[in-house]
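There are 2 protein chains.
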Amino acid sequence: MKKNNKYDQDLDQNEANHVPLSPLSYIRRTAEAFPNHTALIHGDINYTWYETYTRSRRLASALAARGVMKGDTVAVMAPNVPALFEAHFGVPQCGAVLNALNIRLDAATIAFILAHGEAKVLITDREFSTVIRDALDKLEHKPLVVDIDDALAQSGELLGEITYEQLLNEGDPESPWILPDSEWDAISLNYTSGTTGNPKGVVYHHRGAYMNAIGNILAWAMPKLPVYLWTLPMFHCNGWCFPWSVTAMGGTHVCLRGVDPKAVFDAIQKHDVTHLCGAPIVMNLLLNSPEAADFNLSRRINMMTAGAPPPAAVLEGMDKLGFDVTHAYGLTEVYGPVTLCDWHPEWNEQALAEQAILKARQGVKYQVQEEFFVADPKTLEPVVADGKTMGELMFRGNVVMKGYLKNPKATKAAFSGGLFHTGDLGVKHPDGYIEIRDRSKDIIISGGENISSIEVESALYRHSAVMEAAVVARSHEKWGETPCAFITLKPGASVTEDELKAFCRENMAHFKCPTTFIFTDLPKTSTGKIQKYILRTRAEELEVQVE
Amino acid sequence: MKKNNKYDQDLDQNEANHVPLSPLSYIRRTAEAFPNHTALIHGDINYTWYETYTRSRRLASALAARGVMKGDTVAVMAPNVPALFEAHFGVPQCGAVLNALNIRLDAATIAFILAHGEAKVLITDREFSTVIRDALDKLEHKPLVVDIDDALAQSGELLGEITYEQLLNEGDPESPWILPDSEWDAISLNYTSGTTGNPKGVVYHHRGAYMNAIGNILAWAMPKLPVYLWTLPMFHCNGWCFPWSVTAMGGTHVCLRGVDPKAVFDAIQKHDVTHLCGAPIVMNLLLNSPEAADFNLSRRINMMTAGAPPPAAVLEGMDKLGFDVTHAYGLTEVYGPVTLCDWHPEWNEQALAEQAILKARQGVKYQVQEEFFVADPKTLEPVVADGKTMGELMFRGNVVMKGYLKNPKATKAAFSGGLFHTGDLGVKHPDGYIEIRDRSKDIIISGGENISSIEVESALYRHSAVMEAAVVARSHEKWGETPCAFITLKPGASVTEDELKAFCRENMAHFKCPTTFIFTDLPKTSTGKIQKYILRTRAEELEVQVE
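These protein sequence lines are chains A and B, in that order.
Under our numbering, the residues of the first sequence are numbered -7 to 539, in order.
Under our numbering, the residues of the second sequence are numbered -7 to 539, in order.
No lab work stands behind these hints, which were simulated from the structure alone.
Note: identical chains are not told apart, hence a pair may lie in one copy or across any two.
Result set (EDC-like, lysine to aspartate or glutamate): computed pairs, CA atoms no more than 16 Å apart in a straight line:
hint	residue 1	residue 2
1	K482	D513
2	K312	D286
3	K398	D0
4	K404	D2
5	K433	E384
6	K470	E441
Put together the whole structure using the sequences plus the hints.
This is the structure we're talking about:
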C-alpha cells in the first residue's frame, strides 16, 4: 500500500472501519429493525422478516452441512415463489453462488447451463419436473436435487431426494452465516438468453448487487416499507436486483407464480401493492385484459418498465389506469436496469403524446453507475449530443458484471477499451438523455440511410388496432433493404395493409415506411423478448422486392 | 489475489467494472441529468446545477494550478455559504482534503488546527477576519489566504491576497478533475470539539462519504429533487454528509448564514423547503420564537435531529408546527448520524407522549452501516436486550472514519477489539432499538444505583416552564452522588424549586430526583452542545450535601 502522504499514515483499513459490501447485510438489518413486519406473501403464506431471515439462515446452514462451499453453484428452477426469494439470501449466506434458471428454457439448454455452471445443488419447482427430468438425464455429474413442493403448483411431480422444506429443517438458524471475504466475490450467475449459440454465464459480484439494490431505490425514490408485487421474473437478472432493494427498505414481497391479469389486479387491491416491474408486454397484457375495465384504485401505483421502449399508447393507457410508469434500461451484464428516464417536473406540462416520446428514452445513468454514454464504436469517443449522431451505448462503473464465466474471450471483447459494450445503438439528445435506436444487427439500411426498426415500431404501436409490432429488413433490388413489418392485432381489432401504409406515411418519413406487412403472432424468447432473428429469417425467405 | 475457484478465474476488476466510490460522482451525474435545475440559493444568488458544477471545477482547477496536490489540506472558515458548499466538491476534485473549521472556535484552537492539519490554503469568510488574523499570527507556516467576500456578511474585512471569486476565475472549468485513486483516500478532515485537551482530527474517506450520503437518503426515504434548508452547520461532520446526499437526489440547497427563526420560517415558505436538520436546540429556538405563532403551512416538513435526544415537549410542539421529526444519532467519527429511530407505522396509534418516548431512542443502524450494538466495554460481548442492562454503544462498518490524523495512539484506542467505541452508554430494548442513557463520564452513581442524567433531563424538559436542563453529579455524604440540575427557564416563565421537586417526584423514581436546582444560563460548546464539564466543576465547588 502506498504511504505517500499524511492521510495514508497509520490510517489503514481494519475490522472496525471496512466491511465487504453485500446485499446480505440488508436482510439482517431489516430483520433486526422490523422483525414483525410482513416480509413475504404467497397465497396463504405470510412470513415476517424474522421468519424470512430465519428461513434463509436455515437454508445457508443446511447447504453448508451438505458440503456446499464458497464458489459452488446452487441452481434454482422456479417461478416467483418464496424458495427462490429466500435463495437470494440463503445461497450466498453460505458462500455459494445463486444460478436462477429461466423457467421457459428447454431441457437441452438447462442441461448445458447446469453443466457449464457446475451446479452442485438444483432446487426445482414441481411444475417443471418434465423438462428438469430430461435435463438431468443429459448430465454426467448430477446435482443434489431438491424439490419445491408448492401448494399452488398446478402440475408436475417430485424428482429429488428431499423437499425444500425438509432441507430447511436440516439447517440451524442460529448457525453463523458469512459475509463474503471480498466484495468482489461472486453472488450470482445469470445466463443470457442468447438468440444464437450457447448462453453466456454473467457473473455478478456482491459489490455490484449491493450498489444496484440502492440504485433502484434512488431511481424510484422508493418509500419505506414498500409493497412490491412480483410480476417480473426473479430469474431475470435476479429480478433486476429488487429482492435486495425491497428488503433494504423493509418492504413486503408479494409473490405470483405467473402474470395473469386478474391475479395482478387482485393482488394490487388485496395487499395494497405500491410497486411492480415488468416489460412493456406486461403492461400490454394488463391493458388489454377484460379486468382492466373494472380496475379502479383511488391511489397511484408505481411501475418500472424496461426491455423495450414503452409505446406511447401503452404509457397513456397505463396512466389512465392509475400507474405511474418509470422507464429504465439495462442488460443482464449490468444487473438489469441501471439507467432511467429521470423525469423532469416541467415535462408534466407537455401534452401526453409529447410526454410519451420523452419517456420512451432510456435517459441517464443511475446514481450508482459511473458512466453511460454513446460512443463511436471504433474510436470510443463520445458522439455529439445532437439527437442524431448514432453510436454504441457504453457503460463503466460499479454496476457491471465481473465477466462471463469460463469465457475469457467473450469477457475481453465485452470490456474492450475499458468500457462495457452493450451492442445497442442510439443517440444522445441535446439535454443529455440517451435514446436507443436499435441493436446493431436490427438496423435497416435503405438506400444508404439508416432506419431504426424501433422508430418504425413505435409509430405502428400508435395505431389503435396494433397490439404488437416488429420490424426487420427485407432485401430490395433497388434500395438494398426496406422495412418489413410483422403485426399482431388487438383482440377484435381489424385493419388493412393499405390503412396501415397510409398511417405510416402520415407519421414518418416515406423512406422509413414498411413496404411489407405480415399479420401474425410474434415469436418470443423465454424472457418475453420478440425473437427478431426468426422474423429476419422469415423476411429473408420472401422474394427480393423490386418495387 | 486468491484464485481458488472458477468465479475468480479471468474475472478480475478492470476499468470497465470497478471505479472508486466517491461522492464526487454525484455532482457530475446531477449536472448531466438536471443541468438547469436550481442547485443553490443564497440571498439573491441562484445557481443551476450546471453553474454549480462549473464553479466546483473552477475551484479544483485553480487550486491545482496553485500547487495544491493529493493529500494537501484546504481549510475553510465559513458559515453556510456557497463557497463552503462548493468546497465539498471542488477541494476533493483536485485530490485535496477539505477541512471545514468550526466558526465558533477561538484563535488559539484555529491556529492549532491549521498547523496540525498542515492547511496549504485557507478560504475564509469576511465575518471571521478578527479571529482568523489572530490565528494566522500564531502560525509559523502560513497558508494561502483566500477571502470569501459574501455580500450578506455583516462585518469584517478582507485579509488575504485573493478573493474566492478571483480564485475561481483562475480556474478552467473544462480541465479534467480526478476521482481518487482509491476509495480509501481521504476526502475530509473534521476536528472534534473535544471538551478537554487538543481537538482530534477525524479523517473521512471517499467510500464512507459516498455511503453515508446514501445512508441519509435511505433513512429519510428522501424524494427526488428535495429542497434542503441549511440550518445545520456545514462544518459539522460535513453537514452530516448532506451536501452529498441532497446533490445525489438533484435537490436544491438553500443557504443560511445563521439560524435566525424568522429567516428559517421565511426560507421554508419562500423556497418550498422540504427538509432540514438541526440539534434539538434548533427546534427549541424555533418553537420559542415569536414567529412560531404565525407559521402556518399547508404541507408537512421533514426535520432530522441528532446530538441529543429530543425532549417530548419539543417533539409535540414541532409536530403541531408541521414538522415530521426523525431522530438520528451519530458522532464525528461515524460521519454524523448513522443510526435512526426508524419509525414503525403502528406506533402512530400510541398517545403522543408515548410516541415521544419511543422517538427519543437512538434506534437502529442506517442501512449502510454494518453493526451497531451495546456491548460490555470489557468483554465486547453484546448486552441482553432487556432495556435495562447498560453497556457501551459500538459501531462497525463502512461509515467509520479512517482514524485520527497523526494520532495512532488515539486511533488504536478508538478501534480496540475491531470495533469503534463511542464512549456513550445505553441499553438495548427488547424490540432491538438502542437508547443512550449517558456518556460514560456523565452517569451519576447514587447509593450504588446508576442514574442516567439524560433520563432526569428528559423529565425536566416535560415541565412547561423549562427551556433547557442539564443534570450532573454533586457529592453527597450519604449517597456518594446525587443529581444536581441546572435549569434555564423559557422567556417569561417562572417556577419555584419546590414546584420542580414535586414535579420530578411525580415523574421518576425518588432516588433519581435532583436534590439541587440552579437556575442559570447553560455554557455551550461551539457546536451548541451543553458543556457538562463546566457544570460538573460548578457542582463540585458546592459544599458536600449531607441530607
